[in-house]
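Participant: In case you want the letters, here they are:
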Amino acid sequence: MNCEVCQLKELEVEHFEIREVLRCILHTIVFHRALGLVRPKVIDLELFDITYVQCGDGELEKKIDEKIEQFISWVEKHPNKKSQVCISFYEVKNKHPSWFTNKTERLYWEQWYINLNVSQQQKVHSGKSHPSKIVVDPGDSLEERSARRAALETSLREVLFQIIKFVNEKKDHVPPISDGVVYFPYEVTIPSSSDSAFGMDMIKRMLQTGGHPTMLS
Amino acid sequence: MASSHGNSTHSESAKTEQIITEFFAKSLHIILECRSPLMSSRNFSGEQALSSPSSSSSSSSSVRPRDKWFNLALGECPAALENLDLWRQSNFEPVVVDVILVKRGLSRTQSLKESSNAYSSDHEEVLSGSEEKIIERWIVQYDTRKPREKGSTSRRTSSNVLHTLYKKSILLLRSLYATARLLPAYKIFRDLNCSGKLRPFTLTHRLLSFVEPFTRKEESEMQRFSFTPVDTSSGRLCLSVLYHSSVSDASSESSTPMSPQFIPDYVGSPLADPLKRFTSLPVSSPSSLPFSRRHSWSYDRYRASPPAYFSPSPTHSEPPAANALQFGPVNLPPQHPDSSSVHKTNNSYDEYYPSPNFTPSPSPSPPVYMHGNHLSNAALLRTESAPVCIPKLNLQPSLPMNDNNRPSRGSKLDMSTGLPNTGVSVEKLIVKDDSKKHYGTKISAVNSSQCSISRSSSRSFLDDFDDSDFPCHFDVEDDDPMYHGSRPESFDKKSHIGDQMDPQAGGTFPIKKSQDAAVGALVHMLKKAPPLRQELSTSTADSTHVSSIRAEHPLDSSHSVLVASKTTADALEELQGFKRMKDCLLSQGGGTCNVAAGIWK
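Sequences listed follow chains B and P, in order.
Mapping of the first sequence onto the numbering used here: residues 1 to 217, in sequence order.
Mapping of the second sequence onto the numbering used here: residues 218 to 818, in sequence order.
Among these hints, one or two may not hold up.
Simulated crosslink set (EDC-like; lysine to aspartate or glutamate; CA at most 20 angstroms straight-line) [to be verified]:
no. : chain 1 : residue 1 : chain 2 : residue 2
1   : P       : Lys385    : B       : Glu169
2   : P       : Lys384    : B       : Glu91
3   : B       : Lys62     : B       : Asp44
4   : P       : Lys350    : P       : Glu438
5   : B       : Lys93     : B       : Asp179
6   : B       : Lys9      : B       : Asp179
7   : B       : Lys81     : B       : Glu69
8   : B       : Lys63     : B       : Glu153
9   : P       : Lys384    : B       : Asp179
10  : B       : Lys165    : P       : Asp448
11  : B       : Lys170    : P       : Asp448
12  : P       : Lys350    : P       : Glu239
13  : P       : Lys232    : P       : Asp360
14  : B       : Lys9      : B       : Asp172
15  : P       : Lys434    : P       : Glu349
16  : P       : Lys404    : B       : Asp49
17  : P       : Lys385    : B       : Glu69
18  : B       : Lys81     : B       : Glu10
19  : P       : Lys404    : B       : Glu91
20  : P       : Lys232    : P       : Glu310
21  : P       : Lys384    : B       : Glu12
22  : B       : Lys171    : P       : Glu348
23  : P       : Lys385    : B       : Glu153
24  : P       : Lys404    : B       : Glu66
25  : P       : Lys320    : P       : Asp408
26  : B       : Lys62     : B       : Glu46
27  : P       : Lys404    : B       : Glu169
28  : P       : Lys404    : B       : Asp44
29  : B       : Lys67     : B       : Glu169
30  : P       : Lys232    : B       : Glu158
31  : P       : Lys285    : B       : Glu153
32  : P       : Lys320    : P       : Glu348
33  : B       : Lys165    : B       : Asp179
34  : P       : Lys384    : B       : Glu153
35  : B       : Lys77     : B       : Glu153
36  : P       : Lys320    : P       : Glu435
37  : P       : Lys385    : P       : Glu293
38  : P       : Lys385    : B       : Glu91
39  : P       : Lys285    : P       : Asp360
Derived from the structure by calculation, the hints contain no laboratory data.
Because the structure is a prediction, the values reported are computed rather than measured.
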């Protein structure tokens, strides 16, 4: 099985926009990979005039939010960096124990790379308690901010369409649906404390999937 | 209908057929659920998770069997979709859904009902006065032209084939669900659905089994998005959409139920763009004063009956001066009630140089109103209609400026709002005749509430520019209530309006509108300008009464008076002078202008 990789268009986001942008993208991807019975939940973004769909699973929503918070913490420690959030779908295969893995092996069949360029503003708001709080950077003029916001909205829309097109074009690699399973096992990877560690994650994943060169593309 | 005859192909084809049938139904459901306000109002569960109690658990038991198709539980199937099965003869006919934006000419209170009536699978009712536009066209079809690849199929088990078909259909429908909410038409649907306000537009749809081709022009305006077809053993399922990439014109229409119209040129508060050009002058003023007007003289929208400047809206307590001041040139009675006061005002007027610019609409040039601009007068006449009518609200809510109470520019016009407040002052207001009185009433009323007419007479115009609290020219004296009636002399000093209004040979002052008053005040002020004044003083001898702006019909009589006082050529010359001055001021940022000096003298 080949692992399909989709590199999403890079988005320039401000700190306070990360949460909404990531939620939107991650949920859209997962919605297209939650092929079990779902009752879709439609969410309107606050910062942008975009509506996305969640698969309505509370557990999933919580896990994704946790990952997003971790990412935001990482961004706060590593300001003004380009970063990637990777969501991978895998199949669990039982395998003989080997050097790197235990009994089970994850066979990644799809990876999405969300590329973000976070322009760190001085205001870092603790978003934990106010997940949707919007922090406004007073440094920019109104026009600049709204122009940037509009550009980001357009780009975000393009990213969503990119996801939809990818989902449409590549269907063969999607594993069969198992009964009772709502969504395929997935993993959200955020950059870890150091860049090199992130690279290590990549290498580890590569080994797990058998080292398909496509993974690195 | 799985056949147990061991003919796997047969059962496979039957199941394939069933999948295809359900695919049509599901895709229609998805599309109509987010395009037809009527339908979704009956079926909200798909749109809002809260509506379904079991949404979080998503237990299969709570989902109707048919709803489980493609693992996408959308909730109740609207009646139309159920009928779909009946009118569709076969899977080989395409299903075309045209999403139509219906713009209603008039706001209707029964819009919802009508739109519900309009819902129909075969036709839609066209509301009288409404305009329709197809903003989206979805085409779902089962294309059997693809040659069947028997070879490949035979190698795969039928269950695999079916499973793959089903899985791919699921993926396609998921992406359809997401796409439908990303296209522009969704915003309109959401707007209609979620907002309780009545909108001047609605969405309806039309189901067809054939494609009505668009004209080339129409098609060129639309974009296409095609979903990747899903292959089946005997064909492929195709889904595509043609859509207008921008349907914002509909949704950008007024979303506030209250405000009927939008004042395009509302200048707003003085803090707003001081150089804003006032372009929409009512009536004949061909050239919107280039000079930025501080006040929202622009009245078009709100003009109720009297288009003119003054639409006083007595009942309206908002100051927005937008409408009013058109400064009807006409109104300015050439005569000044009191020469001394006039002089005073003149002084201020001088400084106000630019003020002539304010003469808006009716007169192309400020000075024109002085007299004889028949055209402007006529405009005034037209605009200032019915003396008593209380122009609509105008100055409406959307007008930012004016917060009443202040002589700020915007407020001028709002004389009308004050009306109710002034009881006593009204009495005092002048007037030569009933109309004037009426007018005066308005003014005082206005004063009390917000804008004082020609309050700023004593102020220099230039000061006004610098001052964010730029007072309304028409602001009445500081002591609002008394405005005109009570103190004619003070009025003379400050309010040009009264003088002007009157002048026309004691013409009636239709005081009706505060805006008229405001305009009149302005006119009066302008008239007090040195070059103008001379002619005016003679003609304004009469007035002394507040009725500042006589916007109304009195113009007829005053008309002749005004004409007498000044010739068109003089007015034109003054206008040009004012223009030069204005340009000078604009370029110099308010410094004195040499050119102006020349003019004034």
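Participant: For every hint, state whether the structure bears it out.
Facilitator: Structure-based check of all given hints:
Distance check on the hinted pair: Lys385(P) and Glu169(B) sit about 10 angstroms apart at the alpha-carbon level, within 20 angstroms; holds. For the hint pairing Lys384(P) with Glu91(B), the CA-to-CA distance comes to about 16 angstroms; that is within 20 angstroms, so the pair holds. Among the hinted pairs, Lys62(B) with Asp44(B) is consistent with the structure: their alpha-carbon atoms are about 18 angstroms apart, no more than 20 angstroms. Straight-line distance between C-alpha atoms of Lys350(P) and Glu438(P) comes to about 12 angstroms, which keeps the hinted pair within the 20 angstroms bound.
Note on Lys93(B) and Asp179(B): the hinted pairing holds, with a Cα-Cα distance of about 17 angstroms set against a maximum of 20 angstroms. Distance check on the hinted pair: Lys9(B) and Asp179(B) sit about 34 angstroms apart at the alpha-carbon level, beyond 20 angstroms; violated. The hinted pair formed by Lys81(B) and Glu69(B) meets the criterion: a straight-line CA distance of about 17 angstroms does not exceed 20 angstroms. Simply put, Lys63(B) and Glu153(B) have alpha-carbon atoms about 25 angstroms apart, too far for the 20 angstroms limit, and the pair is violated.
Taking the CA atoms of Lys384(P) and Asp179(B), the gap is about 12 angstroms. The hint holds against a cut of 20 angstroms. Taking the CA atoms of Lys165(B) and Asp448(P), the gap is near 17 angstroms; set against the 20 angstroms cutoff, the hint holds. Between Lys170(B) and Asp448(P) the CA atoms are separated by roughly 13 angstroms; this keeps the pair inside 20 angstroms, and the hint holds. Between the alpha carbons of Lys350(P) and Glu239(P) the distance comes to roughly 30 angstroms, so the proposed pair goes past 20 angstroms and is violated.
Between Lys232(P) and Asp360(P) the alpha-carbon distance is near 17 angstroms, which keeps this suggested pair within the 20 angstroms criterion. Proposed proximity of Lys9(B) and Asp172(B) is contradicted: the alpha carbons are some 23 angstroms apart, above 20 angstroms. Note on Lys434(P) and Glu349(P): the hinted pairing holds, with a Cα-Cα distance of about 16 angstroms set against a maximum of 20 angstroms. Taking the CA atoms of Lys404(P) and Asp49(B), the gap is about 8 angstroms. The hint holds against a cut of 20 angstroms.
Among the hinted pairs, Lys385(P) with Glu69(B) is inconsistent with the structure: their alpha-carbon atoms are about 33 angstroms apart, more than 20 angstroms. Taking the CA atoms of Lys81(B) and Glu10(B), the gap is about 12 angstroms. The hint holds against a cut of 20 angstroms. Note on Lys404(P) and Glu91(B): the hinted pairing is violated, with a Cα-Cα distance of about 38 angstroms set against a maximum of 20 angstroms. Taking the CA atoms of Lys232(P) and Glu310(P), the gap is near 18 angstroms; set against the 20 angstroms cutoff, the hint holds.
Between Lys384(P) and Glu12(B), the direct Cα distance comes to roughly 35 angstroms. Violation of the 20 angstroms bound is thereby established for this hinted pair. Taking the CA atoms of Lys171(B) and Glu348(P), the gap is about 42 angstroms. The hint is violated against a cut of 20 angstroms. Simply put, Lys385(P) and Glu153(B) have alpha-carbon atoms about 29 angstroms apart, too far for the 20 angstroms limit, and the pair is violated. At roughly 30 angstroms between alpha-carbon atoms, Lys404(P) and Glu66(B) are farther apart than 20 angstroms, so this suggested pair is violated.
Taking the CA atoms of Lys320(P) and Asp408(P), the gap is near 14 angstroms; set against the 20 angstroms cutoff, the hint holds. A distance of roughly 19 angstroms separates the Cα atoms of Lys62(B) and Glu46(B); the hinted pair therefore holds under the 20 angstroms criterion. As the CA atoms of Lys404(P) and Glu169(B) are separated by approximately 27 angstroms, the hinted pair breaks the 20 angstroms bound. A C-alpha spacing of about 10 angstroms is found between Lys404(P) and Asp44(B), which places the hinted pair at or below 20 angstroms, so the restraint holds.
Taking the CA atoms of Lys67(B) and Glu169(B), the gap is near 28 angstroms; set against the 20 angstroms cutoff, the hint is violated. At most 20 angstroms may separate the alpha-carbon atoms for a hinted pair to count; Lys232(P) and Glu158(B) exceed this at roughly 37 angstroms. The hinted pair formed by Lys285(P) and Glu153(B) fails the criterion: a straight-line CA distance of about 34 angstroms is larger than 20 angstroms. Only pairs whose Cα atoms come within 20 angstroms are accepted, and Lys320(P) paired with Glu348(P) is accepted, the gap being roughly 5 angstroms.
For the given pair, Lys165(B) sits about 26 angstroms from Asp179(B) by alpha-carbon distance, which is inconsistent with the 20 angstroms threshold. Straight-line distance between C-alpha atoms of Lys384(P) and Glu153(B) comes to about 31 angstroms, which puts the hinted pair past the 20 angstroms bound. Taken as a hint, the Lys77(B) and Glu153(B) pair is broken in the structure, with Cα atoms around 26 angstroms apart against an allowance of 20 angstroms. Pair hint Lys320(P) plus Glu435(P) holds up; C-alpha atoms about 18 angstroms apart against a cutoff of 20 angstroms.
The straight-line distance between the Cα atoms of Lys385(P) and Glu293(P) is roughly 24 angstroms, outside the 20 angstroms bound, and the hint therefore fails. At most 20 angstroms may separate the alpha-carbon atoms for a hinted pair to count; Lys385(P) and Glu91(B) meet this at roughly 18 angstroms. As the CA atoms of Lys285(P) and Asp360(P) are separated by approximately 25 angstroms, the hinted pair breaks the 20 angstroms bound.
Checked against the numbered hints above, the structure breaks hints 6, 8, 12, 14, 17, 19, 21, 22, 23, 24, 27, 29, 30, 31, 33, 34, 35, 37 and 39 and satisfies the rest.
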